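Colleague: The residues making up each chain are set out below.
Protein chains: 2
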Amino acid sequence: MNAPARRRRSSGRVTLADVAREAGVSPITASRALRGERGVGPELVDKVRAAVERLGYVPDPAARALASSRSTQVAVLVPLLSNALFVDLLEAVHRVLFPAGYQALIGVTHYNPDEEEQLLRSYLAHRPAGLLVTGFDRTETARQLIQSSGLPCVHLMETTDAAGVYCVGFSQVEAGAALTRHLLARGRRRIAFVAAQLDPRTMQRAEGYRRALREAGCYDAKLELLSPERSSIALGARLLTELLATRDGIDAVFFCNDDLAQGGLLAAQRLGIRVPTDLAVAGFNDLAGSDQMVPPLTTVRTPRSEVGEAGARMLLQLMRGEQPRPSCVRLPYEVVVRQST
Amino acid sequence: MNAPARRRRSSGRVTLADVAREAGVSPITASRALRGERGVGPELVDKVRAAVERLGYVPDPAARALASSRSTQVAVLVPLLSNALFVDLLEAVHRVLFPAGYQALIGVTHYNPDEEEQLLRSYLAHRPAGLLVTGFDRTETARQLIQSSGLPCVHLMETTDAAGVYCVGFSQVEAGAALTRHLLARGRRRIAFVAAQLDPRTMQRAEGYRRALREAGCYDAKLELLSPERSSIALGARLLTELLATRDGIDAVFFCNDDLAQGGLLAAQRLGIRVPTDLAVAGFNDLAGSDQMVPPLTTVRTPRSEVGEAGARMLLQLMRGEQPRPSCVRLPYEVVVRQST
DNA sequence: CTGAAAGCGCTTACAG
DNA sequence: CTGAAAGCGCTTACAG
Chain A
1 MNAPARRRRS SGRVTLADVA REAGVSPITA SRALRGERGV GPELVDKVRA AVERLGYVPD
61 PAARALASSR STQVAVLVPL LSNALFVDLL EAVHRVLFPA GYQALIGVTH YNPDEEEQLL
121 RSYLAHRPAG LLVTGFDRTE TARQLIQSSG LPCVHLMETT DAAGVYCVGF SQVEAGAALT
181 RHLLARGRRR IAFVAAQLDP RTMQRAEGYR RALREAGCYD AKLELLSPER SSIALGARLL
241 TELLATRDGI DAVFFCNDDL AQGGLLAAQR LGIRVPTDLA VAGFNDLAGS DQMVPPLTTV
301 RTPRSEVGEA GARMLLQLMR GEQPRPSCVR LPYEVVVRQS T
Chain B
1 MNAPARRRRS SGRVTLADVA REAGVSPITA SRALRGERGV GPELVDKVRA AVERLGYVPD
61 PAARALASSR STQVAVLVPL LSNALFVDLL EAVHRVLFPA GYQALIGVTH YNPDEEEQLL
121 RSYLAHRPAG LLVTGFDRTE TARQLIQSSG LPCVHLMETT DAAGVYCVGF SQVEAGAALT
181 RHLLARGRRR IAFVAAQLDP RTMQRAEGYR RALREAGCYD AKLELLSPER SSIALGARLL
241 TELLATRDGI DAVFFCNDDL AQGGLLAAQR LGIRVPTDLA VAGFNDLAGS DQMVPPLTTV
301 RTPRSEVGEA GARMLLQLMR GEQPRPSCVR LPYEVVVRQS T
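Those protein sequence lines, which keep their order, are chains A and B. Residue numbers for the first sequence, in UniProt numbering: 1 to 341. Residue numbers for the second sequence, in UniProt numbering: 1 to 341.
Hints were generated in silico from the structure; no laboratory data involved. A quick note: this is a predicted structure, and the numbers were derived from the prediction, not measured.
Now the in silico label distances, taken between C-beta atoms and shown as ranges: (1) B:248 with A:217: 56 to 66 Å; (2) A:147 with B:68: 27 to 37 Å; (3) A:17 with B:42: 39 to 49 Å; (4) B:198 with A:17: 42 to 52 Å; (5) B:278 with A:251: 31 to 41 Å; (6) A:200 with B:217: 54 to 64 Å; (7) A:323 with B:56: 26 to 36 Å; (8) B:112 with A:322: 24 to 34 Å; (9) B:24 with A:150: 30 to 40 Å; (10) A:148 with B:326: 40 to 50 Å; (11) A:322 with B:139: 31 to 41 Å; (12) B:35 with A:323: 37 to 47 Å; (13) B:246 with A:115: 49 to 59 Å.
The beta carbon of each residue, even a glycine, is placed where N, CA and C say it ideally should be.
Model the full assembly from the supplied sequences, consistent with the hints where possible.
Modeller: This is the structure:
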């Protein structure tokens with residue numbers, strides 16, 4: 001009855017061995033039954049389940065990770081939490097992953113490739129079951145770390161046609177062009193583009209803006225105001241003021257993100273500029289509050305929740321060893337026309 | 001030269017044993033040297049460090065967790081990521097914890113005690129090294145899970161004088177009272193309190209509001225408008241409209257959070273109400289954009305970054321087995337007077 | 001101050 | 001379909 005009592009470090013924890021004993025099977029069978037591995041007699045599965053219930057067994061993720069070199073954690077890397085966009089993305093990811101038994105290890109890169117590389121290194125040591133990363137812009141080392149980890153990885157927010165790459169996103173270029181065309185359709189010709197952060201996706205929107213204006217024969221490089229500073233409402237106010245002080249005859253502004261646009265709208269009000277009569281103002285992402293602005297802000301509703309959800313589902317497939325088809329999902333965005341344009 | 005090649009599952013990973021061999025010491029000594037345990041000869045430490053460097057050794061957190069029943073993860077539970085307040089808090093926590101070798105496992109409870117309990121259960125299975133939780137309001141089961149885990153735990157955002165409880169926060173009651181007294185000092189007498197979410201900290205601010213008004217003999221329960229809905233700019237606009245339609249003679253509004261206040265300010269503008277002439281408007285937390293509103297919003301700057309930083313440092317002490325003194329830190333807030341009052 | 005042995009709680013690989 | 005043995009990569013507990 002007594003276990004040899006020397007050199008024990010028992011944590012008092014209920015282990016798989018306890019469950020197996022209680023169920024009258026071997027630990028391996030209990031393990032297989034619990035993981036839903038096929039090839040275990042249904043009656044045994046029931047017995048094991050009942051024993052788990054009775055003993056209140058909780059599997060030890062560390063032991064599982066060590067033995068299988070796979071954990072139930074999924075590393076999710078996003079640039080920033082202060083952009084509501086990524087919060088929506090993470091919420092959606094969590095909504096899919098958590099019920100499936102996975103936990104999101106959230107890493108914030110601050111749009112800094114070196115920081116991303118460091119986080120990746122640290123998270124990879126934890127043997128995550130999968131990886132969710134934002135976009136394609138990273139250091140070569142980071143790329144190799146992902147590659148050589150052999151882990152399932154889904155790229156979010158951007159899309160590519162490259163083979164063997166899994167991604168869920170939308171065309172930032174097209175969305176930028178669509179919004180610009182809306183401004184052109186409203187009769188605007190001197191359309192400025194104001195951006196901050198200057199991350200890859202922002203620059204893709206800039207590319208869409210340029211394309212649309214070139215098509216219309218209205219492109220003027222001087223109408224671009226690009227700042228490397230971090231995007232914020234305050235910066236939007238500052239940039240609008242600067243824009244109007246240094247460029248003539250501007251009749252519309254496309255801000256690369258709604259926080260900038262909201263700040264621009266508030267600055268216009270302080271400057272006594274009538275929107276949209278004197279100046280049309282548009283943003284991007286349809287963030288909280290944009291519909292409440294005076295006047296309500298025209299913007300592009302981007303499908304970040306859908307991206308998070310579809311991306312997480314795709315990763316789940318990959319972690320199960322399945323082949324998601326298509327390997328790259330392009331989701332729709334929508335130009336939301338309100339009274340600011 | 002050849003290891004017995006049967007039944008190997010080697011992951012190809014560089015292990016502590018490799019490091020030990022390379023350094024010419026035993027694995028235990030290598031382990032101790034790496035963890036900075038005192039009582040290892042300085043020369044040996046150097047040798048081990050060099051070997052780690054040469055081999056590119058990365059410790060395996062799963063193995064470490066299994067052997068020591070402690071991981072390098074810290075579970076951090078916050079109510080919401082869509083409130084910028086908690087994003088600031090998390091950033092600060094990460095800034096302290098990550099360089100110290102810990103990773104934050106971020107859990108979002110959505111102000112739902114059952115959800116918190118579920119997350120706690122799931123995170124506790126991962127043997128975190130410590131716990132960071134928001135406030136004191138949770139299910140009895142959650143409380144016991146924390147208690148019986150025996151893990152170091154620091155409570156954030158609120159304070160208590162209860163013995164044996166570690167916390168870093170500020171007095172929500174006093175901050176609420178201070179802002180209310182500012183409105184009183186401005187000559188306002190019919191001061192409304194508009195709140196959403198109705199979480200414990202919001203209700204503590206309400207308590208401060210009541211106290212200050214009672215002291216001034218101005219308290220009127222009808223001036224409170226409390227909504228259980230989630231706080232947002234849009235809701236603030238709606239609540240201000242409702243408030244003014246159903247209450248007479250209101251000369252000031254204290255919104256329990258800045259997003260509501262920003263919405264209120266925008267609604268006032270649409271309604272043609274002059275702020276602060278007709279109505280003083282104040283918020284709470286000093287969130288992004290509040291200084292950019294028209295007029296700029298009076299609010300309370302809450303020390304969330306400081307709370308996150310001090311809380312994480314306190315946890316670090318506890319995880320080292322030290323006794324932080326004091327066990328409860330009360331940080332200062334600041335009433336920021338702008339043009340809306 | 002340093003080390004040989006055992007153990008943490010699982011799963012893999014091999015058998016039957 | 002089920003299981004006994006070994007191993008995942010560390011650290012604890014005991015010795016010296």
